[in-house]
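So the protein sequences, as listed, match chains G and W. For the first sequence, position 144 (counting from the first letter as 1) is numbered 144 according to my numbering, and the numbering increases by one without interruption. For the second sequence, position 92 (counting from the first letter as 1) is numbered 92 according to my numbering, and the numbering increases by one without interruption.
Note that these hints are calculated values from the structure, not bench results. Some hints could be false.
As the list claims (entries may be wrong) - Here's a subset of chain G near chain W, in silico, CB distances under 7 Å, partners left out: (1) 345; (2) 348; (3) 350; (4) 355; (5) 363; (6) 367; (7) 371; (8) 372; (9) 373; (10) 375; (11) 376; (12) 377; (13) 379; (14) 403; (15) 404.
Glycine included, every Cβ here is placed at the ideal spot set by N, Cα and C.
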Amino acid sequence: MEPLTLQLEQDFSSSGFSRHPTWLTELMKSAFVSFEDKGYPSPREEAWRYTNVVPMTETPFRFVKDSKFSGVSKDKIKHFVADIEGALCLVFVNGFFQPQLSTLQGLPQGMILQSMAEALKTHSHLVRPYLARFADYREHPFVAVNTAFIHDGLFIFVPKKTVVKFPVHLVYFSASEGQETVTHPRNLFVVEEQGQLQLIESYAGEGTYWTNTVTEIVAGSRATVDHVRVQKEDLKATHFSSVFSHQAADSHFHSHLFSFGGHLVRNNTHVILGGEKSDCLLNGFFMGQGQQHVDNQTTMDHASPYASSDEFYKGILKDQAQGVFNGRIIVRPQAQKTNARQSNRNLLLSEEARMNTKPNLEIYANDVRCSHGATVGHIDEEQLFYLRSRGLDRHISYDLLTYAFAREIIQKVPLEGMGRSLECDLFQYLHGETSQKVPSAALPFSRGPQRTV
Amino acid sequence: MTDIAHHELEKLTDQDYKYGFTSDIDADQAPPGLSEDIIRLISEKKKEPKFMLEWRLKAYRHWGTMKEPTWSHVHYPPIDYQSITYYSAPRKKKEGPGSLDAIDPEVRATFEKLGISIDEQKRLSGIAVDAVMDSVSVATTFQKELAKKGIIFCSFSEAVQNHPDLVKRYLGTVVPYTDNFFAALNAAVFTDGSFCYIPKRVHCPMELSTYFRINAANTGQFERTLIVAEEGGYVSYLEGCTAPRRDENQLHAAVVELIALDHARIKYSTVQNWYPGDKEGRGGIYNFVTKRGKCLGKNSKISWTQVETGSSITWKYPSCLLIGDHSVGEFYSVAVTNNYQQADTGTKMIHIGKNTKSTIVSKGISAGHAQNTYRGLVRIQKGATESRNYSRCDSLLMGDQCGAHTFPYVEVGNHSSQVEHEATTSKIGEDQLFYCKQRGLSEEDAVNMIVNGFCKEVFRELPMEFAVEAQKLLGISLEGSVG
Chain G
1 MEPLTLQLEQ DFSSSGFSRH PTWLTELMKS AFVSFEDKGY PSPREEAWRY
51 TNVVPMTETP FRFVKDSKFS GVSKDKIKHF VADIEGALCL VFVNGFFQPQ
101 LSTLQGLPQG MILQSMAEAL KTHSHLVRPY LARFADYREH PFVAVNTAFI
151 HDGLFIFVPK KTVVKFPVHL VYFSASEGQE TVTHPRNLFV VEEQGQLQLI
201 ESYAGEGTYW TNTVTEIVAG SRATVDHVRV QKEDLKATHF SSVFSHQAAD
251 SHFHSHLFSF GGHLVRNNTH VILGGEKSDC LLNGFFMGQG QQHVDNQTTM
301 DHASPYASSD EFYKGILKDQ AQGVFNGRII VRPQAQKTNA RQSNRNLLLS
351 EEARMNTKPN LEIYANDVRC SHGATVGHID EEQLFYLRSR GLDRHISYDL
401 LTYAFAREII QKVPLEGMGR SLECDLFQYL HGETSQKVPS AALPFSRGPQ
451 RTV
Chain W
1 MTDIAHHELE KLTDQDYKYG FTSDIDADQA PPGLSEDIIR LISEKKKEPK
51 FMLEWRLKAY RHWGTMKEPT WSHVHYPPID YQSITYYSAP RKKKEGPGSL
101 DAIDPEVRAT FEKLGISIDE QKRLSGIAVD AVMDSVSVAT TFQKELAKKG
151 IIFCSFSEAV QNHPDLVKRY LGTVVPYTDN FFAALNAAVF TDGSFCYIPK
201 RVHCPMELST YFRINAANTG QFERTLIVAE EGGYVSYLEG CTAPRRDENQ
251 LHAAVVELIA LDHARIKYST VQNWYPGDKE GRGGIYNFVT KRGKCLGKNS
301 KISWTQVETG SSITWKYPSC LLIGDHSVGE FYSVAVTNNY QQADTGTKMI
351 HIGKNTKSTI VSKGISAGHA QNTYRGLVRI QKGATESRNY SRCDSLLMGD
401 QCGAHTFPYV EVGNHSSQVE HEATTSKIGE DQLFYCKQRG LSEEDAVNMI
451 VNGFCKEVFR ELPMEFAVEA QKLLGISLEG SVG
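Produce the complete structure using the sequences and hints provided.
Take a look at the structure:
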């Protein structure tokens, strides 16, 4: 048996899952059984064709059970917080909520914002109907592991017609302190009818560790949810993240993913357009260098008529990095008048970089308009020539074009302050300066983030 | 869409399968079932040299260790391989080889009825035909004329007898018997097919073609085609097929291997019109075929063009291995599915040599309850620098019960290559229809025109006679589905 399996089994039996209410205990048990039955996905499985998890199962990542504060200072965390005015900031270290590092003020009336550990105690009647409802652990083995280890994370409940004016910024920081640890953050965001919520999830850390996170988002009718995910994990870390969202009629869900760090990364986004005229925007940018392996999975499930979706993923790969994009659009028989678009464009910057892309369309309705496109290529010589003819040297021209390629995605982020912060990140990662924050004035060609509404 | 349009479309897709008749032909059949004895029997009947029998047995033993694949997007009840008859040959009236006069008049009549003349006198603008019925080739025309140029065009059985060296050298080098379940089965039991050899620097003066006909009931057809074009050779090869209307399903598992050496070009066109089953989805041919071409030499080119209208299930991926530097692979396909037909088809372009180029154009039309899937792989290997691929897959949906799916795989292993893939799925645009009608066209003509326009990019690649036939076929298969 793999060392990781042994460790997981041991941790699960000593995690104290049976102390929870019966419904939760049952859920965790059945999730763990489902994981044990299925085992690790093999590259023979279609969804894991390009990502091999066997090497990671050799590491017995240990589950941290107590919330003992591991000496992470506010200054260190500040590094990973985007400078967004008035944002509520919630910090989790090694998977546990740290109130002393967080800023919380001015919550609108009726809105509930609690750590998952707390919410399971005090608001379990609100959590129970949604927890694990859309994140199908039978289908995804690592979601099963997360579900079996539900302990902390964030729970937000936005009641009817409530508009949350300030973005909620979650920072997950892992400090493994020389040990190989795993965290299983679990977030649940429920936005009721006509509610509005803006979220930012950031992941960072130090050392060799595994982050296995699951976020569930439930948008009621005419609700609006903006979601930004920024992954800046340690370059030795393993990062698996899954977002499952379900949308009711006329709701809007806009998701932006930025993946910079991590050694082995898998970003999974699963959207169900469950109500008529709902709309979804999925943007993604990923970057790989060194030996990084970045796998992006998206599923756009059109289950209702008149819904529309737009998906745009871009990737830049350097050195020996490997990138994967697997985008599925499913249009169910009842989802007539669907309008779905998907695009994946990739830039390979080195001889040894590799990209595998697999944009899928599965269409069972006839009155639809669906399209997808995928390209893999390098920097266009003609564009280079143009810039050089204007007096820029080859090096700067190259950087400028690479930067512009990525910036198209950043520009779509609607949050004030977020764009600028992401541009800094992009600049650092493109130039391999991952440890220090570069002031934005140092960016040679930044004119500040442009807002697209 | 309006009621009239709906009606027209229904009329258009309702037309019957023209080739569904059976011929009463005395046949020499092996008992049903599959075993080493049957394979020995087939090999013996065909008077094969020993290496062939050994190869068949190896393939059979390997097949026994394999599992039937299930990854495709098609559904069918399990096939009982023991109930299939693996050998059925129309009996010859007179013994003696080769002469076109020796053919059973009933066989001749059958092919006449299909519009395939096996009389050289009534030659159809210079097409040499190899006519295959059930398990054997019954006639090959223009052999002598072709031989003058050094071209070998004959049935596979003849090739095994007369050119064993060539067969031995090339058989299984593109599709080895270990390749997949159906290729292994084919290697064990294949009965006939066509063999074609183009010598150095010869431009084949006429189109070569093979016409496959299934006639006997409860049989499977397993044929094998091997085309070799030597340095600088050129050949255009066509393939057509039909089968009678029957309520049970029949299996057709063929293998096609193409080999192009330096500067050689092979153009392979298929108009596949096996019996598609009836409106309730009863009967029809399972068409599980492995087709692959190897661009072995530099500057070589292999081009696949296919029009798939028949078969209850089509499952095939004509592929190109682009090994030689500067070699070119092309794939043009129109796949039409109606009623309960299912198609899972596409291509694989494996770029191995430097500066290799491939183009994929696939058009899928789905009507009734049909499911139409494009599945394709473009792989640029690390050493295939400066390679280029362009893929375009469009699907047209006609009817609210059908499905159209696209599963492209793009794997790029170096940074100097460029790959583009585009796909769209939609139904016939109301605005397009409106425009045509507003110019005075009837709804039927408008739909016909739009569908034909949709497929034009592919039809353009077909040889003349085939293009006309393909256009007609398209009309027939879609009859009654406009709506």
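Here is how each hint holds up against the structure:
1. 345: The hint is violated - residue 345(G) has no Cβ within 7 Å of chain W, the shortest such distance being about 10 Å.
2. 348: 4 Å, holds
3. 350: With a minimum Cβ separation of about 6 Å from chain W (threshold 7 Å), the hint on residue 350(G) holds.
4. 355: 5 Å, holds
5. 363: Holds: closest Cβ of chain W sits about 5 Å from residue 363(G), inside 7 Å.
6. 367: 6 Å, holds
7. 371: 4 Å, holds
8. 372: 5 Å, holds
9. 373: Holds, because the Cβ-Cβ distance from residue 373(G) to chain W comes to roughly 5 Å (cut-off 7 Å).
10. 375: At 5 Å from the nearest chain W Cβ, residue 375(G) passes the 7 Å test, so the hint holds.
11. 376: 4 Å, holds
12. 377: This hint holds: residue 377(G) lies near chain W, its Cβ roughly 4 Å from the closest one there, short of 7 Å.
13. 379: Interface hint status for residue 379(G): violated (9 Å vs cutoff 7 Å).
14. 403: 18 Å, violated
15. 404: 18 Å, violated
Hint check: violations occur at hints 1, 13, 14, 15; the rest are consistent with the structure.
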